[in-house]
Each structure stands twice: as structure tokens, then as C-alpha cells.
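Student: For reference, the chains in residue letters:
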Amino acid sequence: MENFFDLVPLVVLFPLIGLLINLFAGKQLGERGVSIVAVGASAMALLVSIVLWLAQVDTGFGAVVVDAPLLGTWIDIPSAGVEIGWQFRVDTLSVTMMLVVTGVGTLIHLYAVGYMHGDEGFPRFFVYMNLFLVFMLVLVSGNNFLMMFVGWEGVGLCSYLLIGFWFDKPGDEGWKNSDAARKAFIVNRIGDFGLILGVLLTFWTFGTLDYYVPDEEPIPYHHAEHEAEPLFTPDITGVDGAESHAVSGPMGVFNQAETWLTEGDHRVEFGTVSIKFEHMLTVITLLFLLGATGKSAQIPLFIWLPDAMAGPTPVSALIHAATMVTAGVYMMVRANVFYHASETTSFVVTMIGATTALVAGFIALGQWDIKRVLAYSTVSQLGFMVTAVGVGAYTAAMFHLVTHACFKALLFLGSGSVIHGLEHGHHHVAHGEHDHDDGFDPQDMRFMGGLRHKMPLTYWTYLVGTLALAGIIPFAGFWSKDEILVDSLKLGLDDGRLDGYLGFGMLLAAAAFTAFYMWRQVSMVFYGEPRHAAAEHAGESAPVMVWPLMGLAFLSAVIGLINVPSGFPVLGWLYGEHQFANWLEESVTYAHGGEFNWLLATIAVALALAAIYVARTIYNDRAITDLERDPLERLSPRLAQAFALSNAKLYWDEVYFAFVVHPYRRAAYTLAERVDWYWWHDFVHERVIYGTFNRVTRLLTDVLDLKIIDRAFLRSAEAVRVAASRIRRIQTGYVRTYALSVLFGALLVTIIILYPVLRDLLGI
Amino acid sequence: MFEVPSLSDLNIAATLPVMSLVLGTCILLLADLFVPQERKQLTAWLAVAGLGVSLALSLLSLGDVTRFGDGDEAFAGMFVADTFTDAVNVIALVTALLGVMVAYNYLERTGTQRGEYYVLLLFTTAGVMFMGAAGDLVVVFVALELLSIPLYILSGFRRPQEASEESAMKYFLLGAFASGFLVYGIALIYGATGTTGLHDIWIAVDDIVAGDATSQYLLLIGAGLMLVGLGFKVAAVPFHMWTPDVYQGAPTSVVAYMSVAAKVGGFAALLRVLAAGMPHFVLDAGAPAAWQDTVWLVAVLTMLLGNLVAIVQNDLKRLLAYSSIAHAGYVLLAVAAAGSAGLADESAQAVVIYMMAYAFTNVGAFSVVIAVEKDDASNTGVTSMRGLARSQPWLAAAMALFMLSLTGIPLTAGFVGKWFVFKAAISADLFFAVVVGAVTSLISAYYYLRIVWYMYFEEGDGEAVIPWPLAAAISIAAVGTLFLGVMPYLLTDMAREITLAFGG
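Residue numbers (our numbering), protein chains in the order written: chain A, 1 to 764; chain B, 765 to 1268.
Simulated from the structure, these hints should not be mistaken for laboratory data.
Keep in mind that the hints are not guaranteed to be accurate.
Computed spacing ranges between beta-carbons, pair by pair [to be verified]:
1) B:ILE791 <-> A:ALA717: 48 to 58 Å
2) A:VAL675 <-> B:GLY1224: 23 to 33 Å
3) A:SER716 <-> B:VAL817: 45 to 55 Å
Chain A is nowhere near these chain B residues, computed Cβ spacing over 12 Å in every case [as the list claims (entries may be wrong)]:
4) PRO924
5) GLY986
6) TRP1006
Which bits of chain A does chain B cover? Going by a derived footprint, with three or more residues having C-beta under 8 Å, they are [what the hints assert, rightly or not]:
7) 705–712
8) 722–731
Keep in mind the model is a prediction, meaning the values are calculated, not measured.
Beta carbons: idealized from backbone N, C-alpha and C, even for Gly.
Based on the sequences and whatever the hints tell you, model everything.
Tutor: Written out as C-alpha cells, the structure reads:
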């Protein structure tokens, strides 16, 4: 099945074709046609991904580099030795990402057909969505950092376009949407700046940006480390140390890094300055981390993601929960060789991830907007993944990425279904009584309640998502979250690393928060009695929306079984132990399978169940009586304070505004008004340059040009005219005159042509 | 001495592009008899088909996809089928295609829709192609007549309109007069060299240069008289006087075609005779060919007079007539350059590039005149362009483009043509002539831009009739003008292959 790898360009091509069709013929196709094209394009990409996966399985997980057809080399500067190709990389990591992107993507596309029904921008929406798939797939399937960067920027663009999709809504809402889009774009810019610097430094250091050159095997990490870190023993058979895998010829960045690390003592030259290679890696990885904090919404750049919920809900599900925001995690896992080599960066990564998980989890406790809760939850879960990268649990990070993609997409789509139902209910009510405006917001959970009976399918699937996210066995979230917890604790226990302990502690707390805010949400949305007429009249969503929910619910329930940890009874025997880790190890050098720890699993599940119990107690069926006060606030003044803090998002935006945005604006104002306008424009341009220039040109035009040059020209032009009209008079119209002129001309020609000979003859 | 060559020696296949056209034209002549009067447009379509086949064959040959026959010569050297021939063929056929397109509706609305028009036009085209392929002075003469006689008839095609008939008469009388000089020139050259084959002349010239003075005189006068005869065809000063009268009187569709076709033929033959036949005709060792001075003097005269007199013209057709005289001067500059040692090929390339650019631009300009011309041949004054930019923005834009190209503004085909002509002339050290060329180009901007001024800055009706074939012709001409200007390598890459010189 080797040839099947050559299909990989199709995975990008199909969505590209879909978007082009919808771009140029969207209006003519109508909603039905647009949906078929867009969903079809996504489904075809999924099919290709599945074929690639099967081909991978069939060929023993070999990694293949495929040149993009027709495009040739992208950047080729022979004199500088720069050569960057349009190359796709098919390995287990990229195929995993492709499956997630196209799989979840297809379900969400399908859902969006129902969700966006009747929207004016229906074709535009699907053009953007397919464009997003194109860039996301370029991001995950490229074989060099620059292609990844192209995808990275492209998905950023799509994110911007889709967050601000409803920029034309009347009144403040349109502004709010476009502001959110701008915020996302600008904040991401900071991260992208870090990433591109990292890419440039990588190029400077290695002279290439290819992950691996074609036909190059990743060097498995060597023996000495096996013994030092027994926990991390990978399941690679037949490894006799790096020597046997010594690579000759050109190398990609990762093998080059591995070689230099093994040899030691490599230095990177910057003109007269030289830096130890290990330090260089730290700088590069920190810059990459900055990129990841932007794209994957980590502290300090996470603030854009909650606002990004202004986009349509399928967008939130696809881009801001399942795929794009995990690009940072993918990037760091892809660069695991770098991250593994730098302990400093790993510490920073762990701390950022764990802090983000905790802080976002805390903020999620106090939100009333159904999508905001999920948004902060996403930030928190991304924190889990980043922490996993920090503690070296690359398998766990990717595993959580996959499971999270399923259940978070499910939750978002479920929330979309709820919002949809509520909007319909509100429409129904408003239809009955005119002038009905009570500040109703279809996303505010305080207006919901009792939807369990109104929307049973949504409820059940939402419940599955909640349990998965809360980490209840045997749902997907349990397995991946547990693996992260185990791995971080083991890093502390076995290596005595502080970040392992800290990460573990914070994540455990964050996990408890997770269970609490999720059950709070379920309680407020689905249990109790309807608290608003709209909720009273809400109804189940269309089948095209419900089917994807069921598909995702199924995945959320069982997908954890792809990576059962070693030592788990029965299931390990049934499904095989850490299958996913084995699969990933083929392309991620430092991936390793997780172990099962009874004690830890019990503690985690117990903690989650306890949190759910507490949430259920506080937010019981009759708890919410007052729209302004949360039941939590009524318990004790302490809790009220905590809630206020959480509800205000820890004043994070306000702090940024005071310390970053406001000074920036002041500086911009000063530069624009004082420096640019008063000084540069009014003085330098107007007075000095313009004034002087005017005086000089006046001199030139009035004196030199008009009086001297023009007069000369006019005279000569007049002369030309006079000459012309004289010659014209020869043109009499008589043939005899013309014939005479020909004769005369012939004589002239003869004389001229004979002139040299005649001259010699006559001796002139 | 005379052997009867066998059929295979004749290498008839090499003449395929032109032969197919001649054959097609003969068939067209017959077929036209069966086309009813009200459906003469069918004849036009058949003519297009004939031209298309020939063009396809020429392009195949030019692009070196296939070469017809074996070797460059046919009919014992009387017919030359080299890259230059192919290039001339392509220019002639493209011009003819555009000529048929602009005539399609023009004839109908002026009530002169007769099938002979297309037949005559195709015969003329064959004449142009034969001139480009001439390997013998006799062929030059015969081809010249094949080119000329249909044109005389076409000029008077608007019978019984007096102006048209008068122009035909003038053209015919003066043309016959000029042909006399040409034949006399051929006779003298035969007297000097004892042959009419250009290749044999090329060999004989070396002996003459080294030999007696009498043959040199004969050859000199012969070359001079051929210059007179062909100079008449290309409207060089002082053999130009027929041009404004004929252009003004003849049907505009005929003028659009013949202003280019006659020049292509004339210059092709001139290059064959002078640049290929007698490049070694050097009187003092190391000097350029003896005919060079004469040619560039004629070129200077032509550029000066054409451009100067064009300034005071108020009729578009007369203005363009003088403009076409002026352009003949520029091309003659390149012909003159061919007289310097080793420059024959470069000059031929410059001529081809210039003529290709000129073909698109000039046919385009006359097509716009056709569009504004009334059915009774009136409204061809410069003032008829008033307000055209408002009523017919696309037509005005195209006309502006053609005017800029005729002026030689960069990014238009005209600039590319002038560039290569001047470059060849500078290589030949003809600095004075180049300076005159540059200055007269500047002067020409006055009358070309005057038309643009009328279109864009003066109020007027700007009425125009643009049926689709005419619109297509103008579009093709405009696209060609623009493309060759923006992407000159399209043309120069093709032209680089062109060789003219014998031997090496």
C-alpha cells in the first residue's frame, strides 16, 4: 500500500476544491448545493485520511515524505543554500492529526448545515470552513516548519474571519463580534511573532527546516537514558543504541539535533558570538512556546479565546475547541526532540500549562454564558495538554488532544443545540406577545433550566460529554487525563523534579474544578424547571444537528480505549495496552506508554465524583431563584468573594487594559498627534519640504520654464507646423505630379548610390 | 546547361503553407460562384478557414514542430523556405485574418458585399508570402505583381464611388510606373552578375567587388532601382505620394489590410534582395555595403516627412497614411542596418518584430476608424473621435492603446519594435539616423495624442458601429499590442531563430 501515501496532497486538495466551488458558485448552488459540496469535501478528506491510516498500519508505520505535485520547490536560493520544498509528511503523528481534523471536522460541517440554515452568509460560512480545513491540514501535514507556519497563519486568518462572521449584525452586537475577531487576531500576532523567530533561529542553527529529509528514520533515543529513566522505556524492539542508527548524508532538524546532543560540544555561531547548542535549543523552544501560548490560548495570551465565542457555535467547536487551538500542542509534540533536550523550557511549559489549567478552571466556575464556560474549560484542558508536554508525556498530550477534540466538540455542539432550541422558543414566545424584550440572552444559563425533557437527545449526549470531560471512568477523558496525572507525578517521584509535583497538584485541583463547573452547567441547563418562557417552548433540534451529536457522543464514550494504560485489568487484555502510544512512538521519538496506578485513578475519580456531588447539592433543582445572585454566593461571604473574582475573570482583561492597552494607546496617540502630525507633517513636511519645494518650483516654472524653455519650444513647434504645411502643398492630387516625384526620387537614389564611385571617378 | 529537374528535386512540400493558401483561394474562387449573393458571409468564413489552415501550417513550421519538405530550398532555389519565410507568413496571415474580420460587416453596410473581395485579399496575401520566400529576382517581380494587382482592384472596390475609383486608378498607374523601375533594376543586376538567383548573385558579388568598374555601376544602379520599386510599395519618401490619396479613397477595410500587407511584402523582398543577396557589395574594404547610405538617407527622409506632414492632417485616414509612411522610415532604418557586416540576421529579426507589432497596432487603429465611419464613407475626420471615451469607453481605450503603441510608448508593442530597430541601427553605427528617428518619434506623439485628446477631453456624440467580428478584431489587435508590449519575449524568443544570410 506504499503508493497510497502519494494520495496525501488530496487531503488538502479536496477542501480546496470545495471552497473554490462554493466561492464562485455558492450563490447559484443554494443552501443544499453548498452543503453537499462543503460536507462532501470534508468527508472526502476524511476518507483520504482513513486510507492513509490504513496504509500506515499496513506498511508498519513507516514515515513517508511526499512532494506536492506541480508545485516544485517552494523557496530555492542555491547561492545561500536555502531549499525548502512543498513536502507532505505522512507519519503516525500527522495522520493522527489528519484523522482528528477531518473526522471531527466532517461531523461539525454536517451539524453546521442545520445550525446555519437560513443564514444570509451560508455559502460564505462554508467557504471559510473549508478554507480552515485546507490550512489546518497544511499545518499538520507539512514536512517543514515553514509549511507549518503557513498553515498556522492560515488558520489564524480563518479564525479571524469566522469569529467576526456576524460582523454585520445590527447595533452593538456586530461591533462586539468584529472586536472579538480583532482581539483574537492581534493577540495571536504576538504568539506568531515568537513562532516565526523560533523558525528563523531553527533555520540559522540547522540550515534547514525539514523535520526529516525523505528516507530518513528518526533516531530512537539512546540506551543511557533508558536506564536513567526506566519509567520512560518505550516499546521499541531491537534498539541497540543510537550508533546503529547513525544517519549519514543530509539530516532533518531533529536527527541533527539528536546527533549534536549525543556528540556534545556543538556551538551555534552568530558572527562573533557563539552559543552552546543546548542553550540555543532552550531559546528556540521558548519562542515556540510563545507561539503555542497564542494559538493554544495559554497564559499569558489566553484572553482571546473566551471572546472568540462570538463566532457561530460550529466554529467554536471546530476551531476553538477541537482543532486549531491544539495546533500549539501538536507543534510542541512535533518538536519533542527539542523540548526533551531542554529542561528549562520543560519547566516553564509545565508551569504555564498547569497554571492555565487551574486559573481557567477557576474562572469557568463563575460564568453564566453557556459557551463561555466551555471556552474557559477549553483553555483549562489545553493547559492539561501543555502540562503533559512539559512533563515529557508526549503520548498523553496527543491522547488528551484526541479525546478532548471529541468530547469538547460534542459539548460545544450540544450547547449550540441548546442555544438553537432556546432561540426557537424565544421566537415562538415573541411571536405570541409583541414588544417582548426582557434582556433575554439565549446563551445565558440563567434563562434555561428543565431542558432535559424538552431536548432529550441533546441532554443525553451532553451528559456523555460532561462525564468524559469530568474524567469519569470509562469515558474518554478519564484515560487521557489519568495518564497526564500519572506521568507528571512520576516525573516528580522518579526524577525528583519539582515541576512534576507542582504540575500534578495543580492539575488535580483543576480536574476537581472541571467536574464542578460541568455539573453546575448541566444542572443549570437541563435540570429543574424552565426559568424563562423561551426555555418553556424550546424544542429538540433538527436531525442533521442531532446525528453529529450522537456520533461524537459515541466517540467520547469509547475513544479512550485506544490507549488503555499498561496494568489495567481485562481492558488491557481486550484492547491491547497503550496501542496509541505504540502507534505514536513511530514518529514521536520520546513518546511512551502510560502505566496504570490504582491509587491515583481512584483518587481522581473520587475527587471528580465528589465535585459533581457538591455541585449537584449547591445547584439543585430549585437553587436559582435570583438572576443576579449565584447559589454559590449565598453559601458564605468567602465563597461570594471567590465567585465574584471568578465571575470577573480574575480581572485579567482589566489588568491587560490598564497595563498594556492603555499605555499603548497613549503612546500611539502621542506618536500620531504630536510626533507625526504636529511635528512631522505640519512642520517638516508642510513648512520645510513643501514650502521650500514650492518656492524652488515657482522659480523654475515662472522664470526658467515659461520664459525660457517654453518660448523656445513654442517657436520650434511653430516652425514645424509651418514646414509641414509647406510640404503639404506638394500633395496636389495629380498623378503626373506623383509620377514626377517617383522619377525624381529614382534619379536621387541613383545619384546617391553612385556617389562614392562617381567621387572616385571625378577625383573629388 | 539546363537540366529538367525531377519532381522530387523541386521539393514542393517546402512551399506547403503558401501553396495551401493558393489552392484554397482557387477553391474559394470557384466556391464563391455557388454562394448566393445574400449569403456572401459564407465566403468570408471559407476565407478564414483557408487562412487558418495556412496559418496553422506556418506556425507549425515556425515553431519547429515540423518542417515541410527537406532543406530550405524549393524549385531549384527560386523559393526559399527558411525561418524568415515562416515569420513573414505568420505576419501576413494574421494581418489577412484581421483584414477579413474587419471587412465582414463593413462591406455589408456599405453595400459592397461581393465574394471577390475575399478572393482578392487572399491572393494578395499569397503574394506577400511569396515575396518573403523569394530566392530569385524573377520571383520577387512576379510576387510583387501578385501582391499589387489584387490591391489595385480592392482599392476601387467601392465602385461606383468616385473617390474609390480614383484611388484605384492612381494606385494602378503609379504602381505600374514603379514596377517598371523594378524590372529595369532586375535587368541591370542580371547584366552585372549574369544571374537572377539571389544565391548566385551573392556569390557573384564578391567577383564584382574585386573586378571591373562597369559591373559595379550596373549593380549599383540595379540595386538603386530595386529600392525605388520596392520603396514605392512600402511608401518610402519620395515614392510615397500615392499613399495619402489611395488610403483616403480606398475602402477603409482594404486600407487596414494593405497598409500592413504591402509593407510586409515590400520589406521582406527588400531584405531578401539587399541583405541576403548583396551584403558583400562593399566598395572599400571594411566599409558597410554600398547601398547602406542610400537606404538610411531614404529612411531619414521618410521619417521626417511622414511625421511632419501627419501633424497637419485633419482626416483620420490621411493622418494614418502619413503615419504609415513614417513607420516605413523606421523599418528602413533596420534594413539599412543590414548593410553592416554580420548584422543581416539581427536586422531581419528587428524588421520581423517591428512588422508584427505594427500589424496588430495599425490594423487595430484602422478598425477603430471603420467603427466610427458612416455608411457613406464620411465621418472619418479627426473630430469624429470626439466624446468617444464616454459613449464607447472600450473602443476609446483600445484606440488610445493603438495610438500609444504607434508613438512607441513602453509597455506597448510599438515600443518593442522601435527598440529593436534602433538597436540594430546603433549596432550599425547609424547614429544620425537613430537621432532623427528618436526626434521624429517625439514629434509623432503630437498627432497621435491629439486623437486621444479628442476622445477623452472633448465633448461629442462619439457614435460608432461595432458588430462582433469587428469587436473581435479590435480585441485581438489590442490584446496583441498589449501582450507584445508587456511580454516582449513572446516575440523576441520567436524572432531569435530567424536567419536570413546565405552561407555564413
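Student: Take the hints in turn and mark each one as holding or not.
Tutor: Now for the hints, and whether the structure bears them out:
1. Roughly 55 Å separates the CB atoms of B:ILE791 and A:ALA717, a value that falls within the hinted 48 to 58 Å.
2. For A:VAL675 and B:GLY1224, the Cβ-Cβ distance of about 52 Å falls outside the hinted range of 23 to 33 Å, so the restraint is violated.
3. Checked against the hint of 45 to 55 Å, the C-beta distance between A:SER716 and B:VAL817 comes to roughly 53 Å, which is consistent with it.
4. At roughly 20 Å, the least C-beta separation between B:PRO924 and chain A is larger than 12 Å, which holds for a residue marked as non-interface.
5. The non-interface label for B:GLY986 is inconsistent with chain A: the shortest C-beta to C-beta separation is roughly 10 Å, within 12 Å.
6. Against the 12 Å criterion, B:TRP1006 falls within the reach of chain A, whose nearest CB is about 6 Å from its own CB.
7. Only residues whose beta carbon comes within less than 8 Å of a beta carbon in chain B count, and the segment 705–712 of chain A has 0; fewer than three means the coverage is violated.
8. Interface restraint, the segment 722–731 of chain A with chain B: holds (7 residues with C-beta to C-beta distance below 8 Å; minimum three).
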